[in-house]
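Student: Sequence:
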Amino acid sequence: MGHLDIMSSESADTRTRILKAAWTLLESGDSTVRMSDIAKTAGISRQAVYLHFPGRADLLIATVRYVDEVKDVAGRLQASRNADSGLERLEAFVEAWVHYIPEIHGVAKALLAMGDTDEAARLAWADRMAGLREGFQAAVDALDRDGMLSPALTVTEATDILWSMLSVQTWERFILDCGWSQQAYGERMKLLARKMLVAGSATGRTRLSALRLG
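Numbering-wise (our numbering), the sequence shown opens with residue 1 and increments by one.
To be clear, the hints were calculated from the coordinates, so they are not data collected in a lab.
Lysine-lysine pairs mimicking DSBU-like chemistry, simulated, CA-CA at most 35 Å apart:
hint, residue 1, residue 2
1, K109, K71
2, K40, K109
3, K40, K71
4, K40, K20
5, K20, K190
6, K190, K109
7, K71, K190
8, K109, K195
9, K71, K20
10, K20, K109
11, K71, K195
With these hints in hand, go ahead and build the complete structure from the sequences.
Tutor: Here's what the structure looks like:
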């Protein structure tokens, strides 16, 4: 390995240490997650952090994307992307997202709590939610191409519904406040998505009570 390769490897290692430190602090419930705190947790200087990330917003955005990378979001979405129909794509995407929420809830909760007064945190979460919205719209577009989107909705309206209905805050309400199980939540969200978005959906005849809250 040449000198430049070693330097590149060390730089990548340092970047990863910074991202892991930021992730740890977010999940700990730290209400500030300052650059100095991240540097201390990573065991490096504050200047070294700025060499990799020019601003705190850049670092928080990179951290959220790093979490997705480590948790293999791309792999989780393969079933949706490889679906044969718009309906299958919709249900596979909803399935992947609703079961991903509890895995990132610590990070999400921290960024949401900080977002009202912390512009960097707000931008980081907005970046993640923009990516989620793109995924929902791709599923809705597939439904529309198949002629399966409800005629009562535009693509934008259907995307808005999914994006809002499947927010982290809604997950918190059902799971933490109402006491639903994760399985029941996931099944009901798929059912509701189909009932609300799919033209002539036969699921209207499905009784919600058939799914036990268990």
